[in-house]
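Undergrad: Quick mapping for you: the protein sequence lines, in order, are chains A and B.
For the first sequence, our numbering begins at 1086 and goes up steadily by one.
For the second sequence, our numbering begins at 64 and goes up steadily by one.
For the record, the hints were derived by calculation from the structure and aren't laboratory data.
Do not rely on the hints blindly, as some may be mistaken.
Said to hold, decoys possible - Each pair of labels, with its calculated beta carbon distance range:
| id | chain 1 | residue 1 | chain 2 | residue 2 | range |
| --- | --- | --- | --- | --- | --- |
| 1 | A | R1146 | B | R78 | 43 to 53 Å |
| 2 | A | G1168 | B | L102 | 19 to 29 Å |
| 3 | B | F129 | A | T1183 | 15 to 25 Å |
| 4 | B | G91 | A | E1141 | 40 to 50 Å |
| 5 | A | K1127 | B | G122 | 15 to 25 Å |
Claimed, not checked - In silico lysine to aspartate or glutamate, DMTMM-like type, Cα no more than 25 Å apart, as pairs:
| id | chain 1 | residue 1 | chain 2 | residue 2 |
| --- | --- | --- | --- | --- |
| 6 | A | K1127 | A | D1169 |
| 7 | A | K1195 | A | D1124 |
| 8 | B | K120 | B | D81 |
| 9 | A | K1086 | B | D119 |
| 10 | A | K1086 | B | D126 |
| 11 | B | K141 | B | D87 |
| 12 | A | K1086 | B | E107 |
| 13 | A | K1086 | B | E166 |
| 14 | A | K1127 | B | E148 |
| 15 | B | K167 | A | D1169 |
| 16 | B | K167 | A | E1141 |
| 17 | B | K141 | B | D126 |
| 18 | A | K1153 | B | D81 |
| 19 | B | K167 | B | E131 |
| 20 | A | K1195 | A | E1100 |
Cβ atoms here follow ideal geometry from the backbone N, Cα and C, with glycine treated the same way.
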Amino acid sequence: KQEVTQIPAALSVPEGENLVLNCSFTDSAIYNLQWFRQDPGKGLTSLLLIQSSQREQTSGRLNASLDKSSGRSTLYIAASQPGDSATYLCAVRGRSGTYKYIFGTGTRLKVLA
Amino acid sequence: GAGVSQSPRYKVAKRGQDVALRCDPISGHVSLFWYQQALGQGPEFLTYFQNEAQLDKSGLPSDRFFAERPEGSVSTLKIQRTQQEDSAVYLCASSAFRTGGNEKLFFGSGTQLSVL
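The task is simple: from the sequences and hints, build the whole structure.
TA: In structure tokens:
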């Protein structure tokens, strides 16, 4: 059974810092992995999607990497801003035959001005 | 529409009452998911539709939970005889592609269900 873990559970950093959020999964046979952002009381917004054949994806100040063999993904946020404060979740989808995404419990990020 | 729309935004139900939660996905999106999110937790999968076909309902916690998408667009999640443990945020998500390619998920803002 696929399990997804995110470390740390919470993180507080001063504005301008570069930071790394970690996601690990127990079954490396994944189809793809997505990173999401969730603001309080809101739904999730997809930030980056990495197919199993890819190593990384970039969007603006965000970079996500994927190492399937070790069951890990990292989300790198450059030059953090107070507006980046939110909960970040990763989710994996297993190989073909399954459609559901398994989510981690998230990392609550607070960027201090 | 511009995004995934869910209604109602908040629902308070007395224990034992039946509730119906509605999801309007992005127009033309083939895939539709329902998730349940408890406070401080990640979303837990409930069920998946591909057009009108319910292909995976393995996450529905009991036979009190029922979902449908009869015309392949709007979906309804129904919970019968609600219990306190059903209190959670129910999230709906849709995506454009069936399998392969870009499966970016678009989520609604959710329905917060409180069972008293």
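Undergrad: Which earlier hints can't be squared with this structure?
TA: 4 and 18
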